[in-house]
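Novice: With these hints in hand, go ahead and build the complete structure from the sequences.
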Amino acid sequence: MKKIIFAFSILAISTVSCRKIIDIEQEEGDKRTVIEATLLEGTHSFDVKVSKTSNFFGDNTPVPITNATVVLSDGAGDYTLTSFGDGNYQLVGFNAVSGTEYTLTVNENGNSFVAKGIMPAVVPIDTISYEFVEASTFNDSGYITQIEFNDPAATDNYYRIEVDIQGTYYGDIFNLILLDDGFLNGNRIEFPLFAIDVADAFDNVTMKLTSCDRATFTYLEGVDALINIGNGAPPANPTGNFNNGALGNFSLYASDTQSVVILP
Amino acid sequence: MKKLLILLGFCLSFMANAQQFTISGTLKDASNGEDLIGATVKVKELPTVGAVSNVYGFFSLTLEKGNYTLIFTSLGYEPVEKKIQLSANQRFDIELAEQSTKLKEFEVTGEIEDANVSSTEMSIEKLDPKSIEAIPVLLGEKDIVKTFTLMPGIKSGGEGNGGFFVRGGGVDQNLILLDEAVVYNASHLLGFFSVFNSDAIKDVSLYKGGMPAEYGGRGSSVMDITMKDGNSKKFGASGGLGVISSRLTLEGPIVKDKGSFVVSGRRSYADLFLKLSPDEDLRDSKLYFYDLNLKANYKINDKNRVYLSGYFGRDVLGVGETFGFNWGNATGTLRWNHLFSDKLFSNTSLILSNYDYEFKIGSDEESFGFKASILDYNIKQDFSYFLNEKNTIKFGLNMIYHTFDPGELFSSISGFNPINLNDRLATENAVYLQNEQKVSELFSIQYGLRYSFFNYLGNNDSIFDYNEAGNTTNSRYYNRHETAKFYGGFEPRLAAKYMLSEVSSLKASYNRNYQYIHLLSNATASSPTDSWVPSSNNVKPQIIDQIALGYFRNFKKNTYEFSVEGYYKNLQNQIDYKNGADLFLNGEVERELTFGSGIAYGAEFYLKKRKGAFTGWLSYTYSRSLRKFDAINNGEYYPARQDLIHDISAVGIYKFNEKWTASASWVYTTGLAVTYPSGGYQIEGVNVPYYSGRNQSRFPDYHRMDVGVTWYNKKTDKFESNWNFSIYNVYGRENTFSINFIDDESNPGQTVAEQTALFKIIPSVTYNFKF
Numbered sequence: 000m001k002k003i004i005f006a007f008s009i010l011a012i013s014t015v016s017c018r019k020i021i022d023i024e025q026e027e028g029d030k031r032t033v034i035e036a037t038l039l040e041g042t043h044s045f046d047v048k049v050s051k052t053s054n055f056f057g058d059n060t061p062v063p064i065t066n067a068t069v070v071l072s073d074g075a076g077d078y079t080l081t082s083f084g085d086g087n088y089q090l091v092g093f094n095a096v097s098g099t100e101y102t103l104t105v106n107e108n109g110n111s112f113v114a115k116g117i118m119p120a121v122v123p124i125d126t127i128s129y130e131f132v133e134a135s136t137f138n139d140s141g142y143i144t145q146i147e148f149n150d151p152a153a154t155d156n157y158y159r160i161e162v163d164i165q166g167t168y169y170g171d172i173f174n175l176i177l178l179d180d181g182f183l184n185g186n187r188i189e190f191p192l193f194a195i196d197v198a199d200a201f202d203n204v205t206m207k208l209t210s211c212d213r214a215t216f217t218y219l220e221g222v223d224a225l226i227n228i229g230n231g232a233p234p235a236n237p238t239g240n241f242n243n244g245a246l247g248n249f250s251l252y253a254s255d256t257q258s259v260v261i262l263p
Numbered sequence: 000m001k002k003l004l005i006l007l008g009f010c011l012s013f014m015a016n017a018q019q020f021t022i023s024g025t026l027k028d029a030s031n032g033e034d035l036i037g038a039t040v041k042v043k044e045l046p047t048v049g050a051v052s053n054v055y056g057f058f059s060l061t062l063e064k065g066n067y068t069l070i071f072t073s074l075g076y077e078p079v080e081k082k083i084q085l086s087a088n089q090r091f092d093i094e095l096a097e098q099s100t101k102l103k104e105f106e107v108t109g110e111i112e113d114a115n116v117s118s119t120e121m122s123i124e125k126l127d128p129k130s131i132e133a134i135p136v137l138l139g140e141k142d143i144v145k146t147f148t149l150m151p152g153i154k155s156g157g158e159g160n161g162g163f164f165v166r167g168g169g170v171d172q173n174l175i176l177l178d179e180a181v182v183y184n185a186s187h188l189l190g191f192f193s194v195f196n197s198d199a200i201k202d203v204s205l206y207k208g209g210m211p212a213e214y215g216g217r218g219s220s221v222m223d224i225t226m227k228d229g230n231s232k233k234f235g236a237s238g239g240l241g242v243i244s245s246r247l248t249l250e251g252p253i254v255k256d257k258g259s260f261v262v263s264g265r266r267s268y269a270d271l272f273l274k275l276s277p278d279e280d281l282r283d284s285k286l287y288f289y290d291l292n293l294k295a296n297y298k299i300n301d302k303n304r305v306y307l308s309g310y311f312g313r314d315v316l317g318v319g320e321t322f323g324f325n326w327g328n329a330t331g332t333l334r335w336n337h338l339f340s341d342k343l344f345s346n347t348s349l350i351l352s353n354y355d356y357e358f359k360i361g362s363d364e365e366s367f368g369f370k371a372s373i374l375d376y377n378i379k380q381d382f383s384y385f386l387n388e389k390n391t392i393k394f395g396l397n398m399i400y401h402t403f404d405p406g407e408l409f410s411s412i413s414g415f416n417p418i419n420l421n422d423r424l425a426t427e428n429a430v431y432l433q434n435e436q437k438v439s440e441l442f443s444i445q446y447g448l449r450y451s452f453f454n455y456l457g458n459n460d461s462i463f464d465y466n467e468a469g470n471t472t473n474s475r476y477y478n479r480h481e482t483a484k485f486y487g488g489f490e491p492r493l494a495a496k497y498m499l500s501e502v503s504s505l506k507a508s509y510n511r512n513y514q515y516i517h518l519l520s521n522a523t524a525s526s527p528t529d530s531w532v533p534s535s536n537n538v539k540p541q542i543i544d545q546i547a548l549g550y551f552r553n554f555k556k557n558t559y560e561f562s563v564e565g566y567y568k569n570l571q572n573q574i575d576y577k578n579g580a581d582l583f584l585n586g587e588v589e590r591e592l593t594f595g596s597g598i599a600y601g602a603e604f605y606l607k608k609r610k611g612a613f614t615g616w617l618s619y620t621y622s623r624s625l626r627k628f629d630a631i632n633n634g635e636y637y638p639a640r641q642d643l644i645h646d647i648s649a650v651g652i653y654k655f656n657e658k659w660t661a662s663a664s665w666v667y668t669t670g671l672a673v674t675y676p677s678g679g680y681q682i683e684g685v686n687v688p689y690y691s692g693r694n695q696s697r698f699p700d701y702h703r704m705d706v707g708v709t710w711y712n713k714k715t716d717k718f719e720s721n722w723n724f725s726i727y728n729v730y731g732r733e734n735t736f737s738i739n740f741i742d743d744e745s746n747p748g749q750t751v752a753e754q755t756a757l758f759k760i761i762p763s764v765t766y767n768f769k770f
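In the order they appear, the protein sequences are chains G and D.
Under numbering that gives the first Met the number 0, the first residue of the first sequence is numbered 0, with each subsequent residue one higher.
Under numbering that gives the first Met the number 0, the first residue of the second sequence is numbered 0, with each subsequent residue one higher.
Simulated from the structure, these hints should not be mistaken for lab results.
Take these hints with a grain of salt, some might be off.
[Claimed, not checked] In silico DSS-like cross-links for lysine-lysine, where the CA-CA straight-line distance does not exceed 25 Å:
id, chain 1, residue 1, chain 2, residue 2
1, G, Lys30, D, Lys627
2, D, Lys607, D, Lys129
3, G, Lys19, D, Lys759
4, D, Lys654, D, Lys607
5, D, Lys713, D, Lys658
6, D, Lys658, D, Lys769
What you are looking at is a predicted structure, and each value in this text was computed from that prediction instead of being measured.
Specialist: Listed below in C-alpha cells is the structure:
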C-alpha cells in the first residue's frame, strides 16, 4: 500500500504542486484520559502511564495524572501499582502467565476505567534467514531478512514484529510491522521484511515476535492508521480496550526474541 | 409483476378509440444522419399538442382525423413544416438542417425553447459536447463531467478528487450510464479527467431528482450518456491535439442512410516527457490513460434497427520495472429497436460492464500483486407506448447478474501463500411502469412505480453474520447461486408541473431510490482501489427519498432562464467505516462497517442567458448534507465530507465574431468537511493527534477562475478547425489538495499545518479539426 502512495506522490510531484504552512482555526476539543499499559508474559516490571490529552498546536507536552489508583487483578488477587508521582505507575517483578485473564482498573478523580485481556501464548521464532539482493528502486544492495515460524493452527494469532539491525531499530509505532494468520492459519510463515532496510554482511540482527490478542491488534492497526493517514479509513482515535472513553490500551504481549549474524 | 400486468391491460384497453391515426417516425440531423434526441413535433392547429423524440430519435403522435400542419424542430436546427391530411397512419423520417451560424432570431415558439419551464421533468441538467466547446478547462481537455460541476447542485470534490457529488449524495450514489452500460469508475488520472471523451458523445442528461421509473440502482442521481451513432452520410474524421492528450474520431456510413459506425480514441502522453529524464527508473516509468469508443448501427427496415456499442479505457501507472498499477472500465451494449406498431416502441439491450484494477510490485522473479474486479451481465427490456397525445406510457424490466471479485493476491515469492478471496455473487432486478400524462393545458404529471429486488447469492462457501462490534455471531454454508439474503422494495416516482403563465411554471417531484451495491470509498479521497460491495446479510440496501419543489421562469422571449429549486432528502442505511478500519485485502470487510442515516437539503438558484453574443449562467447553491452513525461522533449528526455549504458558479462566453470567442468561468465552494486533530497525546513516547469528532473542521474555501479564447479558422465545406487557448486558475489560487501536520522547523516539538496544492496557473493550447 505504501508503494502505491509512493507512486501517487510521484504523480503529484510531476504536476506543479506547491506547499505552504497555513493557519487553521481550531476549537480546542474536550480533554480525555489516556492510559498506556503493557503487560509482558513472564516476570517483568508492569508499567502504566496515565495522562490527559494536551493541545495539538502550540505547547503539546503531555499532562500527567499523578493521583490515580491503578490496580491489576488476575482473578486470584488484586495488585496496586506504585505511583512515581509523575503519571507513571509500576508493579515490580510481576509474573504474567499465558492463558490467564487480567483486569486493569484505573480510578482517576472519580472516574473509573477498566480493561481486560487474556495473556496469549508465546509463538517461538524458528529461524531468521536472509538473502542477498541487488540494488533496486526500493532497496539498496544487501541482505533482505526473513522471519520464519510455525503458526499454531488451533488459535487465531496476531503478531507484531520488531527488528534490530546492528543497533538500528525497526517496527516502532511509525512503522508497525503487523501480521495476522487470517490467510495463513496453521502454516509455516516465512515473512520477508521488505518494509525495512537491508542488512550488511556481519551485521547483528535481532528479531522479536510478539503475540497479542485481537483487541490489541485492532488497537495497533488503529495506531498505524492514525500515524500513516492516507491508507484508507478516515482519521480517528485508535480503539483501545478501556471502557468509559479512555484513550490508549491495555496491551498483553507474549514475545520471543532471536538473534543471528549475517554471514556472506 | 401480476399487478403490473393488470395495470398494463387496463392501459391498453384505451387503444380501442376510433377515428384516430398515428404519425410516427424518426428525426435526424441532415448533415450526418445522427438521431436527434429530444426534438419536437408540434401541431400548428393544436398549440398544446406535441411529441418529443426519444433517445433513438423516434417519435409517435396520435391525433383525430383531420388536416394539420406539423412543425418538426430541434434546438439549433431549422424547423421543417409539413401540411398533412390525416386519414391513415403515417410515417415521417425527417432530417433537420443545422441553423446557419449567423445568429438570427427564430420565430417558431416551440416547446423546445422553453423546455425548462414547460416540460414535466425537473432537477435535470442537459449538455451536449458542442455547447461546452468554449468553456475553459484544465489542460484544454473539454470534459462533460467537469462542466456539469458548474451547474447548481452538482459539485466537484476539488482537484485530485475523482467523481462528483449531487445534492449531498456520495460519489457512489451516482448512476453513470454510457449507452445504458454502468460505468463504475468515471475518472482518469485520479480524477483530473473523466473517462468520457467528448468527441464520442452525443448527449448527456443528469437527473438530480425526480428520476423517471426506468432508472434505478443508485440513490442520488442518474447521468445518462448517449454515444454518437456515427455519420451515415459520408466518411469523416475529426480530432484534436492537446497538451496532455490527442484525440481522433473516424466515422462513416456502413450502408448510406441505413447504418453507420464511429470509432473514437484518445490517449494521453504525459509519460513521453519522462523518456527525456536522465534517471533510468523514471525513463522506464509509465503514466498514461486511453479511451476507445466504438459504435455501429444498422437499420434493417422501418421496424427494426440494431446497435452495437463499446467502451474500453484504462489508466496505466508504472515506476521502472518494479511497480505497475493499472485500472479501467470496459462496457458493451447490444441493442435492438423494434416497432411493434406505430405506437409501441421496444428496445432490448444486452449489456456488459466491467471494472478492474491490478497492481504489481517487484521484479519478475520476486513479485507480488493484487487484482480485483466487478463484472455485470445485464438484460434490459423497455417499452414506450404512445397511447394518445395526452399519455405516454413506459414499462420494462431489467435483470443484472453481478460478480464481485474482492481481490486476489498473487506472488512469486516462496512462503507467500497466494490469496484468492471468493467471488461474491448477486442478482439485481427491477420492473417498472410509468405514465406521462397531460391532464390539461396547464397541468401535467409523470407518475411511475418501480419494484426492485436483490438476491445476495452463496458461492459454495460460508457466509458470516457480524454484530456491531465486528464479531462473528453466526455462519451458514450456501451453495453456489443459493439465495443467502433477499431484499426488495417499491420505488414510487412522481413529477408534476403546473404552468403559472406562458413563461413560468411550478414543479414538484418525489422519488424513492433503492441502492443495492455500495462503494467502500476511502474517505480522504476517492481512489481506483475503492471497492464495490453488494448488499448482504450484514449490509442493507440504501434507501433514499427525495422531495423537490421548483419555480421556473423565462424572460425576454426565452433569452433568460431563471429557476429556483429546493429539495429535502432522507438517506437510510448509509455505510461508513468504523474508526481505524483495516481495509486492505480484508476478506471480511463487512466486519469493519458501521451503519447510519443521513439527511440532505438545499436550495439552488440558476440564471442563464441563452441567446445573443453573450451567453452564460450564474448559479448559487446553499446545501447541507449530514450523517448520523451510532459509532461516530457519539451518535450526533456530523457533516458529510461533501457538505459544501455555499457553492457559486459563473460562466460567461462572448462571441466577438465568426472567428473569435472568449470565455471565463469562476467557481467558489465552501471547503470540504475534514477531520482535524483537536488535541494530542503520546503512544510509546511519540506524539499523536487526538480527534474529538468526525468532519468537524474545514479545508480552506475553494475558488478559481479560468479563461479561454477560441479562434476558428475559416470554415469550408471540406475542412474546419480551431485553436483553443486557455488558462486554468488564472489568478493562481493555491487550492487545498491535502493538509498534513508536520513538525514546526522554527519551533521543534510543535506542530503546524502544511497545505499541499496541486495547481497554480496552468496554460494550455489545443488544436481541433474536422473534415
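Novice: Taking the hints in turn, state whether each one holds.
Specialist: Structure-based check of all given hints:
1. Our distance criterion of 25 Å between C-alpha atoms is met by Lys30/G and Lys627/D, whose separation comes to about 23 Å.
2. Restraint check for Lys607/D and Lys129/D: the C-alpha separation of about 17 Å stays at or below 25 Å, so the hint holds.
3. With a C-alpha separation of about 13 Å, the suggested pairing of Lys19/G with Lys759/D holds against the 25 Å cut-off.
4. Distance hint between Lys654/D and Lys607/D is fulfilled; the C-alpha atoms sit about 16 Å from each other, no more than 25 Å.
5. In summary, the hint linking Lys713/D to Lys658/D is supported, as the alpha carbons are separated by about 7 Å, within the 25 Å threshold.
6. Pair hint Lys658/D plus Lys769/D holds up; C-alpha atoms about 16 Å apart against a cutoff of 25 Å.
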